[in-house]
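So the sequences go chain by chain: X and R.
Heads up, the first sequence is in my numbering, so the first residue is 11 and it goes up one at a time.
Heads up, the second sequence is in my numbering, so the first residue is 3 and it goes up one at a time.
If you're looking for bench data, these hints aren't it; they were derived computationally from the structure.
The reader is advised that the hints may include incorrect statements.
Residues on chain X that point at chain R, a partial pick, calculated with CB under 7 Å [what the hints assert, rightly or not]:
1. W96
2. I100
3. W132
Okay, the calculated beta carbon distance ranges per label pair [what the hints assert, rightly or not]:
4. P46(X) / R5(R): 48 to 58 Å
5. I36(X) / A123(R): 29 to 39 Å
6. I100(X) / K131(R): 41 to 51 Å
7. W106(R) / P53(X): 26 to 36 Å
8. F79(X) / P99(R): 38 to 48 Å
9. I100(X) / L35(R): 18 to 28 Å
Note that the Cβ used here is the ideal one computed from N, Cα and C, for glycine as well.
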Amino acid sequence: MPPITRLFIKTALACLVLALLAGVLITIRPLTTAVPYVGALAPVYFHLFMVGWVTQLIVGVAYWMFPKFSKQQPRGHDGLAWATYWLLNIGLLLRVLAEPLQAVNPQPGWGWAIVAAALLQWLGGLAFVANTWPRVKVK
Amino acid sequence: MPRLSAWFVRAALLYLALGLTLGMLLLWNKGVLISPSIWQLLPAHIEFLLLGWTVQLALGVAFWILPRWQTQRGDVRPAWVAFVLLNFGIWCVVLTPWLTLPYWVLSLGRSCEAVAAAAFALHAWPRVKPWVESN
């Protein structure tokens with residue numbers, strides 16, 4: 011398995027654990043009232059699961075298993091794959107931090123951090139689509 | 003990969019791009035307000051990413067890699083029906099609130115998605131078999 015696939019899958023597993031942990035935290039009533047940040051974790055829980063776990067696992071396995079792009083570049087453009095990894099994960103991490111903070115204590119700084127998180131994840135997704143599209147070939 | 007898988011996977015990638023674009027606008031709007039009406043994109047964001055991206059990718063890859071009979075994948079017609087109905091259903095569901103279409107269009111869309119799932123199951127069911135079986 012290529013190194014970046016291992017990184018995608020291990021990060022996806024970490025996100026799964028974190029998502030389910032967030033799922034536990036938001037069910038503990040005294041904690042959600044005492045710590046407002048925890049009470050605002052619902053969108054983080056869902057996106058750690060769907061973006062960090064489901065999508066990231068798909069991205070890692072697709073990079074590994076999809077038909078070869080060419081003999082010289084069997085997995086397409088490595089730069090796009092690395093861009094996907096960093097953009098997606100930095101964007102997701104920024105979201106995990108900023109979205110609940112903005113919900114409990116709105117500040118322009120957190121707001122713009124959320125905008126940056128949105129753009130980074132979006133660009134990461136587009137980099138994946140651009141790298142994967144030419145590998146979808148009919149045999 | 004077979005032609006139908008390529009259609010499923012390409013469609014899934016397009017829905018991923020669309021769903022992420024809507025998600026980007028929704029999240030941006032949460033951080034710095036663009037317009038309160040952007041929140042109305044949420045159902046389409048969910049529909050594109052759950053049904054259009056993850057379900058469709060799973061169906062495309064399943065059609066490609068599930069066990070075959072020699073080189074044959076059995077009756078592929080229900081799988082093609084699934085592709086058409088799933089995509090028709092997604093757009094019915096997404097466009098109903100956007101274009102204020104009658105409510106029955108939403109029901110039709112959901113029905114098409116359900117029939118697509120059943121059609122794909124009909125195709126895939128006999129292919130879920132021990133790999134040592136050769137016919």
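If you check each hint against the structure, which ones fail? 1, 2
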